[in-house]
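Novice: Chain by chain, the residues run as shown.
Protein chains: 2
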Amino acid sequence: MSSIQKMSKEELLARKAELESAYNEYHDRHLSFDMSRGKPGPDLLALTQGMLDCVNERDGYITPSGLDTRNYGVLGGIPEAKELFGEIFGIDPDNVIVCGNSSLNLMYDYISTAYAKGVCGEEPWARQGAVKFLCPVPGYDRHFAITEFFGIEMINVPLNDDGPDMDVVEEAIKDPLVKGIWCVPMYSNPTGITYSDETVKRFANLKPAAKDFRIMWDNAYCLHHLGAEQDTLLNIFEESKKANNENIVIAFTSTSKISFPGSGVAAIAASDDNIADIRRRLTVETIGYDKVNMLRHIRFFKDLDGIRHQMKLRGEVLSPKFHLVTSTLKEKLGGKDIAKWNEPKGGYFVSVNLLPGCASKVAEKLKDAGITITNAGATFPYGKDPKDANLRLAPSYPPLDELRVCMELFCICAELVSIEKLLSLK
Amino acid sequence: MSSIQKMSKEELLARKAELESAYNEYHDRHLSFDMSRGKPGPDLLALTQGMLDCVNERDGYITPSGLDTRNYGVLGGIPEAKELFGEIFGIDPDNVIVCGNSSLNLMYDYISTAYAKGVCGEEPWARQGAVKFLCPVPGYDRHFAITEFFGIEMINVPLNDDGPDMDVVEEAIKDPLVKGIWCVPMYSNPTGITYSDETVKRFANLKPAAKDFRIMWDNAYCLHHLGAEQDTLLNIFEESKKANNENIVIAFTSTSKISFPGSGVAAIAASDDNIADIRRRLTVETIGYDKVNMLRHIRFFKDLDGIRHQMKLRGEVLSPKFHLVTSTLKEKLGGKDIAKWNEPKGGYFVSVNLLPGCASKVAEKLKDAGITITNAGATFPYGKDPKDANLRLAPSYPPLDELRVCMELFCICAELVSIEKLLSLK
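Chains as they are written, first to last, in my numbering: chain A, 166 to 591; chain B, 166 to 591.
These are calculated hints, taken from the structure and not from any lab test.
Keep in mind that the hints are not guaranteed to be accurate.
Note: identical chains are not told apart, hence a pair may lie in one copy or across any two.
To be verified - SDA-like cross-link-like pairs, simulated, lysine to any residue; straight-line CA separation at most 25 Å: (1) K297 with R446; (2) K376 with G316; (3) K477 with N221; (4) K297 with G286; (5) K467 with R223; (6) K552 with R202; (7) K532 with T448; (8) K174 with I338; (9) K467 with D218; (10) K549 with T448; (11) K339 with N321; (12) K510 with P485; (13) K549 with V449; (14) K297 with T448; (15) K467 with C219; (16) K549 with R445; (17) K297 with H488.
A quick note: this is a predicted structure, and the numbers were derived from the prediction, not measured.
Whole structure, please, built from the sequences with the hints as guidance.
Specialist: Below, the structure is given as structure tokens:
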């Protein structure tokens, strides 16, 4: 296919007419499809069906370690769950707290407490003036919503194929008002990239001016491979230990996309100092999390190998969807010089960069034709993509036939809006 | 029995020797019993056993309203759960948010947000100077821990048999720095009293100087009757509506002591303005709570009558325990003028007031003999009972035979410490 950027005005107008007619055909079908969020489809949810009732009258409610999961107590989580998450994080189970259903909630609580009470005995962020946070972009809208809620100023940091631009990060942290950075280090949301060993090492060795600077290491997709070809992520805990810098990182993960979103289990991992700091708040915040649900997970998955097997099954459901997305993009937009996208080996998203100024118009056109995608701008702090170029596609929920329609229409809209833009420049 | 207060020194010394010998006999038995927390015993937990697996492969995971509980979304809770809690609170389901496993967590979040972000658009408490909270005493230690955590100054308010001393409350709220009050309006923790209609009306009509003053209405024991003779509580939402004062109250409850502690469901209820204010935070804090667990509750209990039936069964298990506590107190300490206690018709606690200066010594003596009760002072802010007189007994966990030993020893210790005190004054 030839670059649209090199077409004459006449060629562009002819192609525009073709695309408009194709668009109108879809528009007349009154579609109503949603590919806006990283939500597992029913096909994925069915894979853990047996977990719903594996704690039952026959098999009881007692952990292998002998705890009655039905009563109060055991604040850090049942030992078996701590052990499992310890393996997932690559850290001692004593450095893990297993919690409720949502890692987002754990991140919110962490930022909320840092803001109101401070980190490890330091002055609360709320009393330190105009504190700031680094936000690799494109990134996860719900991270940005947390820092925005507390009025923390967000600074964009370019996210490259090997992670955030570390030169920018290392320069920014010289400012003592810069208090942290949001990271999705593996199969990043939305670009699907995994931080390189070099990037992880540079993170582990950060020496910020602020003692209360923390890396929010949201390892949401640490086991979420699509197929046999998999990314690997260096263990940041080991690296920060080597650098005598263990307090720099707080890690989060959950089973929201391993078992059930909303009925999964989330966990937090950090150094001894950080865990002690977090526990000081937790003992005030709650008597304990849902241990019966932790036991369901332990009983159903048994161990990390059990989870890996589950993720293989999930990858088999997801990879045709991802393949459909990237192959349609390639077939319809490849070589036209109007869009770039990633081909992730895991995670939940495909990120597409269009010509500047095109993203919001494409999202709008799709919406008019009944297809919801993540809002343009959502992948940037304050919902503002300075180039208005990035769109996030979430292929996990729709069945393949719906997804095919979504992607065909997406490509029509992307090309049409790009041509309109090029024509406006002629 | 005759008043110990009227005994001669010789009589006291003789009785002291008897009690010491009785105490030593128990001491030598190396007991290890715990009546420290309002924790259901296995006998109670067994009553909701069927809830563990009532969401299963056969019966599915779809709500009667057609929602798939396994996926993201539905932030306010499934409609059936909102309806059920609406009935429990006596408010429209639209004014209810059904959440995770713990009402304590909801209260923490409410105070935390008021502190850091403010209530309904008002200035954050953190920026208003030395804000204060009213604490009816004796009260619930975990309430006090929340306000203490945020450095909010706590002011004791006497809790009478019909509720907090409302003259004191009405005077205190003239101070715009007084931002709220902790209440357990029904079967109060620990005294077991229920607020009178008059008290509820005065609460509903409070006109505090601070616009952002809120009554934290922790209705934890709203259905937790021990037998047929039951307290009733006036509906504060209706009363505050009549008074054009709907924003004054935020109510909380949970099924921690209806189904399973840690695996129950908690809910919050409030006016339209307050719910909108809370939702502004919730949308940042989480994608949604555990809806599968909400469905378990709906499926098992069906409706409010189902819960009432469950509470009747629970009352039948609990009332012999409460009867044992109060009858032992009566038999061993009655008429001796050294202790007063309540005979609650519901809830989880019996509160005992001893002679001033005796509570911590009694708790210590019990501990030495292997019996853990709630720390002396715990029922007061900062863990400081100004009179060192109040102790909280929690009879729900131990089986009857253990409880009998606990109570016999408690009475021995209470009398012994009282005599020591009287002797020291002679």
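Novice: So, for every hint listed, does it hold in this structure?
Specialist: Status of the hints after comparison with the structure:
Taking the closest pair of Cα atoms, K297 and R446 come within 25 Å of each other both inside a single copy (23 Å) and across two copies (20 Å). For a Cα distance limit of 25 Å, the shortest separation of K376 from G316 qualifies both inside one copy, at 20 Å, and across copies, at 23 Å. Taking identical chains as interchangeable, the C-alpha atoms of K477 and N221 lie at most 25 Å apart only when they sit on different chains, with a minimum of 24 Å there against 27 Å within one chain. In this assembly of identical chains, the alpha carbons of K297 and G286 lie at most 25 Å apart whether taken from the same copy (19 Å) or from different copies (23 Å).
For the homomeric pair K467 and R223, the shortest alpha-carbon distances inside one copy (18 Å) and between copies (23 Å) are both at most 25 Å. Only within a single protomer do K552 and R202 lie at most 25 Å apart by alpha-carbon distance; the minimum there is 22 Å, versus 58 Å between protomers. In this homomeric assembly, K532 and T448 come within 25 Å of each other (Cα to Cα) only across copies, at 23 Å, whereas the closest approach inside a single copy is 46 Å. Taking the closest pair of Cα atoms, K174 and I338 never come within 25 Å of each other, the shortest separation being 48 Å inside a single copy and 74 Å across copies.
Taking the shortest Cα distances, K467 and D218 sit within 25 Å of each other both inside one copy (15 Å) and across copies (19 Å). Only between protomers do K549 and T448 lie at most 25 Å apart by alpha-carbon distance; the minimum there is 19 Å, versus 38 Å within a single protomer. Taking the closest pair of Cα atoms, K339 and N321 come within 25 Å of each other only inside a single copy of the chain (16 Å); across copies the shortest separation is 47 Å, beyond that limit. Taking the closest pair of Cα atoms, K510 and P485 come within 25 Å of each other only inside a single copy of the chain (12 Å); across copies the shortest separation is 62 Å, beyond that limit.
In this assembly of identical chains, the alpha carbons of K549 and V449 lie at most 25 Å apart only when taken from different copies (18 Å versus 37 Å within one copy). For a Cα distance limit of 25 Å, the shortest separation of K297 from T448 across copies, 22 Å, qualifies, whereas the shortest one inside one copy, 28 Å, does not. When the C-alpha separation of K467 and C219 is checked against a cutoff of 25 Å, the pair qualifies both within a copy, at 12 Å, and between copies, at 22 Å. With identical chains, the CA atoms of K549 and R445 are at most 25 Å apart between copies only, with a shortest distance of 20 Å across copies and 37 Å within one.
In this assembly of identical chains, the alpha carbons of K297 and H488 never lie at most 25 Å apart, being 38 Å within a copy and 59 Å across copies at closest.
Of the numbered hints listed earlier, those contradicted by the structure are 8 and 17.
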